[in-house]
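Given chain A, work out where chain B should sit, using these hints.
Keeping their order, the protein sequence lines are chains A and B. Count along the first sequence from 1, add 7, and you get the number used in the working numbering. Count along the second sequence from 1, add 7, and you get the number used in the working numbering.
Derived from the structure by calculation, the hints contain no laboratory data. None of these values were measured; they are calculated from a predicted model. Even glycine gets a Cβ: it sits at the ideal position worked out from N, Cα and C. Watch out, some of these pointers could steer you wrong.
Below are the EDC-like pairs computed for lysine to aspartate or glutamate, each with C-alpha atoms no more than 20 Å apart in a straight line [stated by the list, open to error]:
id	chain 1	residue 1	chain 2	residue 2
1	A	Lys133	B	Glu277
2	A	Lys111	A	Glu162
3	B	Lys145	A	Glu104
4	A	Lys133	A	Glu162
5	A	Lys63	A	Asp268
6	B	Lys305	A	Glu104
Not everything, but these chain A residues come out facing chain B in the computed CB check (under 8 Å) [said to hold, decoys possible]:
id	residue
7	Pro26
8	Leu107
9	Phe117
10	Asn159
11	Phe209
12	Ile212
13	Leu214
14	Val256
15	Ser261
16	Val265
17	Leu269
Have a look at the derived ranges for each label pair, beta carbon to beta carbon [what the hints assert, rightly or not]:
id	chain 1	residue 1	chain 2	residue 2	range
18	B	Ile157	A	Arg67	37 to 45 Å
19	A	Val90	B	Leu25	14 to 22 Å
20	A	Trp18	B	Lys227	27 to 35 Å
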Amino acid sequence: MKSSAMFQRRWMPLALAAPQLIIVFLFFFWPAWKAIWWSFHLVRPFGNDSVFVGVKNYLRILGDDSFYSSLQATLIFTAGSLVLAIFIAIVLAACAELNLRGRKIFRHFFIWPYAVAGAALGVILKFVMNPVLGPMAVLNGIWPGFWTPHINGSEAMLMLIFAFAWTQVPFNFVIFVAALQTVPDDYLAAAAIDGAGPMRRFFDIQLPLIAPFVFFAAVINVIEAFTHSFGLIDTLTQGGPGGATNILVYKIFSDGFVGLDLSGSSTLSVIMMLCIVVLTTLQFRFFSDRMGYER
Amino acid sequence: MVERHPLLTVFAYAVLMLGLIFALGPLYLVLCSASVSNQQLLNNGIALLPGPQLIDNLHAVTQRTDIGRQLFNSLMVSSLVVIGKLALSSITAFAVVYFRSPFKPLIFWTLFATLLLPLEVRIIPTYAVASDLFEPLKTILQSTGLDTLIASVAGIRIEPSLNLLNTYSGLSLPLIASATGTFLFRQFYQTIPPELSEAALMDGAGPLRFFIDILLPLSKTNFAALGTIVFISTWKDYMWPLVVTSQENMRTVVLGMATFLPTESGQWPEWNLVMAAALFAFIPPVIVIALMQRWFVKGLIGVGK
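Isolated chain A (complex conformation) (with noise of 0.2 Å):
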């Protein structure tokens, strides 16, 4: 960091930090803390007694099939709409990129699906998806029993990850088309001189110069699967049918202001937390390695 011009101050920047620090102070690490210290103990819902139970929580977790299913199912539908999100996102991102007319038409309503909140989507689609209504009523008059997301659970499966893969897209594409944009017009110019055709270069020179972006969305991608897909599976879903996409978030919930079961929530919290710490750890390493921090 160049240091040359700073303002020498012992406790101002602690001053200017600190409205920043207090809130964070009572709104993360208070909480957080609680967290751990939950998961250290069997607290009642009501009332303050709790009881230092060790490492019981955790093991009652892992020990729980319940557990495993959620995992299952988080992972599925965390793989699965990332995948999706990503493959859609390059492929608009490469083609609204080649030089043609009204792209900068495509490129801003692309971006629109970002302004519907996964709660509206799951409304919406609780509608449109409907077995009794829609096109899948259609469908079900050909072949009786072909859609039936509320007693399926792979369908429901499928058809969650559809629905977050597409509110994913945006962020993607935006992420992508910025990319793309870094990429050295020189570059693709003396590769078309050499012969190769537009599917060449793309695979050749725009794809490995943009991987990095790629795996900066990835992992974006997949923290938000893990926080922010709640909305999307509580209006859709509820976890349902049968637990299948009662993925972990919505498992912390549930095991929580339903099943009021704190400690075993907050030992899941704790769990989610250490995923999502590698997870981005991992980011901030890939990063600050190769683009020197400054993206």
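Quick look at chain B alone, frame taken from chain A:
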């Protein structure tokens, strides 16, 4: 691009058109279904063309719930979070970048840690904190025995407690408590040439003077970009308002729309009204994106959330 390829052009247009249908299709279907009668939806299934009843349905939604109040709440919370986040992040980033102080690493790593644990994951303890904000203070008082001391000396029991449930501060403060914005501003300040602060220093300007007169005007773009993105993500938030509000009049519009879904299983939903309520929930942020396009994209690239 280098050369034109008629086949590729056709292919690319086809893909982009498909993408357009993919992106806007659901929104179009909502608009169509929100503009017909429920009878028509039940008879013919989902509407594929807009009908004449849009205004009636929107009006019916306003009759059914206090959507005006919910829109106001969403606007209020989103604005509070935008103002809070912009003010705190720009000031804290200034403190981290422009000073030489032994506390800098402490501030930096304290804030960095907030990136590691999203609100959704610590939802239940955060709810507990919001329901009793002064619990840390109470704990300190009790564990140090200060409260019994005060009670015996002054004769009053101090039981500090502040409940933020169903308040605007409860709705907005936890959303402000993350440091993404601080890191965005930090990154931007680091690209500003050091000559600028050297010159300011030579002219005898103090740090605050430098911040207000030089740094703030330079960061207008960052304010617009971060502000847009924070506004939209706060508007879309669902989980936190769901837990922290129990009173109808404190609901945000995204939450209000979701409660429009029928809860009793025997009840036949009025889908046209549900879709009209969904329009209320997503039209305002769509307008913001359409108007703030440039800033929005800058914000996304910069923040990376």
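Structure-based check of all given hints:
1. With a C-alpha separation of about 13 Å, the suggested pair Lys133 of chain A and Glu277 of chain B falls inside the 20 Å cut-off, and the hint holds.
2. For a cut-off of 20 Å, the pair hint linking Lys111 of chain A to Glu162 of chain A is broken: about 36 Å separates their Cα positions.
3. Distance hint between Lys145 of chain B and Glu104 of chain A is unfulfilled; the C-alpha atoms sit about 59 Å from each other, more than 20 Å.
4. A distance of roughly 13 Å separates the Cα atoms of Lys133 of chain A and Glu162 of chain A; the hinted pair therefore holds under the 20 Å criterion.
5. Between Lys63 of chain A and Asp268 of chain A the alpha-carbon distance is near 14 Å, which keeps this suggested pair within the 20 Å criterion.
6. As the CA atoms of Lys305 of chain B and Glu104 of chain A are separated by approximately 18 Å, the hinted pair is consistent with the 20 Å bound.
7. The beta carbon of Pro26 of chain A comes within 6 Å of a beta carbon in chain B, closer than 8 Å, and the hint placing it at the interface holds.
8. Because the beta carbon of Leu107 of chain A sits about 6 Å from the nearest beta carbon in chain B, less than 8 Å, this interface hint is met.
9. Contact between Phe117 of chain A and chain B, as hinted, is supported at the beta carbon level, the nearest pair being about 5 Å apart and thus within 8 Å.
10. The interface hint given for Asn159 of chain A is violated, since its Cβ lies 19 Å from the closest Cβ of chain B, which is over the 8 Å cut-off.
11. Violation of the interface hint for Phe209 of chain A is found here, the shortest Cβ-Cβ separation to chain B being roughly 10 Å, above the 8 Å cut-off.
12. For Ile212 of chain A, the shortest C-beta to C-beta distance to chain B is roughly 11 Å, which exceeds 8 Å, and the interface hint is violated.
13. For Leu214 of chain A, the interface hint is violated, the least distance from its beta-carbon to any beta-carbon of chain B being 16 Å, above 8 Å.
14. A distance limit of 8 Å between C-beta atoms decides the matter here; for Val256 of chain A the minimum to chain B is near 5 Å, and the interface restraint holds.
15. Hint status for Ser261 of chain A relative to chain B: violated, with the closest Cβ pair at about 11 Å, above 8 Å.
16. Hint status for Val265 of chain A: violated, given a least beta-carbon distance of 11 Å to chain B, over 8 Å.
17. Against a cut-off of 8 Å between C-beta atoms, the interface hint on Leu269 of chain A holds, since the closest Cβ of chain B lies about 6 Å away.
18. For the hinted restraint 37 to 45 Å between Ile157 of chain B and Arg67 of chain A, the CB-CB distance of approximately 41 Å keeps it satisfied.
19. A beta carbon spacing of about 18 Å between Val90 of chain A and Leu25 of chain B agrees with the range 14 to 22 Å that was offered as a hint.
20. In this structure the hint that Trp18 of chain A and Lys227 of chain B lie 27 to 35 Å apart at CB holds, the actual value being about 29 Å.
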